[in-house]
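Produce the complete structure using the sequences and hints provided.
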Amino acid sequence: MRITADTTICISAGMCALTAPGVFDQGDNDGLVAVVLPDPPEELRKAAAEAVRLCPSGALGIR
Amino acid sequence: MSQTTTPDSRSFPLRRQCPLAPPPEYDRLRAEEPVSKVRLPTGGAAWLVTRYEDVRTVLSSPVFSADGTRPGFPTLLPGQAQVLRRPPFIRMDPPQHSFYRRMLIQEFTLKRIKTMRPGIQASVNRLLDDLLAMTPPVDLVEAFALPVSSLVICQLLGVPYDDHEFFQSRSKVGVSGQSTAEQFAAALGELRAYMDGLITRKQQEPGDDLLSKLVTEHLEPVGELRRDELLMMCLMLLNAGHETTANMISLGTVALLEHPDQLAALRENPELLPDAIEELLRYLSIADLVTTRIAAEETELSGTRIRAGEGVIALLAAADWDPAVFPEPERLDVHRGNRHHVAFGYGVHQCLGQNLARAELEIVFATLFERIPALRVAVPVDELPYKHGNLAYGVHELPVTW
Chain E
1 MRITADTTIC ISAGMCALTA PGVFDQGDND GLVAVVLPDP PEELRKAAAE
51 AVRLCPSGAL GIR
Chain U
1 MSQTTTPDSR SFPLRRQCPL APPPEYDRLR AEEPVSKVRL PTGGAAWLVT
51 RYEDVRTVLS SPVFSADGTR PGFPTLLPGQ AQVLRRPPFI RMDPPQHSFY
101 RRMLIQEFTL KRIKTMRPGI QASVNRLLDD LLAMTPPVDL VEAFALPVSS
151 LVICQLLGVP YDDHEFFQSR SKVGVSGQST AEQFAAALGE LRAYMDGLIT
201 RKQQEPGDDL LSKLVTEHLE PVGELRRDEL LMMCLMLLNA GHETTANMIS
251 LGTVALLEHP DQLAALRENP ELLPDAIEEL LRYLSIADLV TTRIAAEETE
301 LSGTRIRAGE GVIALLAAAD WDPAVFPEPE RLDVHRGNRH HVAFGYGVHQ
351 CLGQNLARAE LEIVFATLFE RIPALRVAVP VDELPYKHGN LAYGVHELPV
401 TW
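In the order they appear, the protein sequences are chains E and U.
Here the first sequence is numbered in UniProt numbering, starting from 1 and rising by one per residue.
Here the second sequence is numbered in UniProt numbering, starting from 1 and rising by one per residue.
Quick caveat, the hints were computed from the structure, so don't treat them as lab data.
Because the structure is a prediction, the values reported are computed rather than measured.
Every residue, glycine too, gets a C-beta built ideally from N, C-alpha and C.
Zero decoy hints are in this set.
So the derived label-pair ranges between C-beta atoms look like this:
1) E/Arg53 x U/Arg331: 20 to 26 Å
2) U/Arg39 x E/Glu50: 36 to 42 Å
3) E/Pro38 x U/Ser61: 25 to 31 Å
4) U/Thr135 x E/Pro38: 55 to 61 Å
5) E/Arg53 x U/Asp130: 40 to 46 Å
6) E/Pro38 x U/Asn269: 30 to 36 Å
7) E/Glu50 x U/Arg331: 20 to 26 Å
Derived lysine-lysine pairs resembling DSS-like cross-links, with alpha carbons at most 27 Å apart:
8) U/Lys114 x E/Lys46
9) E/Lys46 x U/Lys111
10) U/Lys213 x U/Lys111
11) U/Lys213 x U/Lys114
So this is what it looks like as structure tokens:
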């Protein structure tokens, strides 16, 4: 699993950090997505995949 | 006077039968006419979109514009056209929309919301102390739901809470399906004048709040934000912040009390609370009518051709009750564990305040039922005054006893 994030598309909704808090974080000042674990361990993968699906702006992807 | 109902002249908004459920006609439309034309109360027509996947497409595709200044942008209330001449940024497309949204985002991140939780909890505790000192029946909207949401947004924005009666009464006119264009214009004028005065005060004496920050960092001549834009932005935040959350608090209370098994499950296992909030958001989808768009170019949706310039209403409650995505949607199930509902919309315009709303609702429902375990609605639920035809659905009054 390889998670990608495009911060030029991100709208800082925070859905990813809410859904998979260990995998994603939000920048303090701009709220933009930061991928903490681009290749999350098995136990976090389901939440990570859900977060990608929930992203309202389409900024996240899985390769 | 009787009117002929043909598929092209169906009037809108559609009627609810059960006050907690979306209009039953949504089910038929979703199954038989997923993209169907209706006549709007303000004149003109628009396409109703009822399937979950189609609603997500409308809200996330640039083909469907949120630009309220485009001719023919669909409106439901007589006063809306006036706002859309100089719309707040939620009725703009990127890149303008992103420009304004980014000014605000710092105050709405998960971390920032987390720091607000103790303050929200303290307000909720204090309001419930006051409420318990009253003699029931008490109107939960007036005594609790509106004060909670108003206090929180006032504190965040830097609006004096003492002015809440003024702005609440004017905001009420702005979202009501019963207001005339004249009433709407008068209320908007008063709100603008109020906010203009507040901006001047923040310029002279900035505080530690969002409005002061916008004034000192973004307002012309320091930044690129015009005064009238700041004004509309703040009115939108103030309105969205107190109206919608208050409706969720009052209607959510009714929904939980009407489903005692679900409330009991939640009481037994407070860890279910975040899931229960998501389920209440889905089940009630109070912003059902808010997400209107206009086709920027010709396109097709579920086999129906939509021409450039035609209005589209992506019905959030219809999407959130789509049985293809939420099996047995009519069942309020705090175990459902869904976050893919569209109660906050979808796409780049998805609710900016959604995580603040989640925090408020979690604190409210945890504390309300703990402090008042015998809480019940004081009148038959079918007889409550519901906000039929309003942009945000809810109850005007909620008499409760304990």
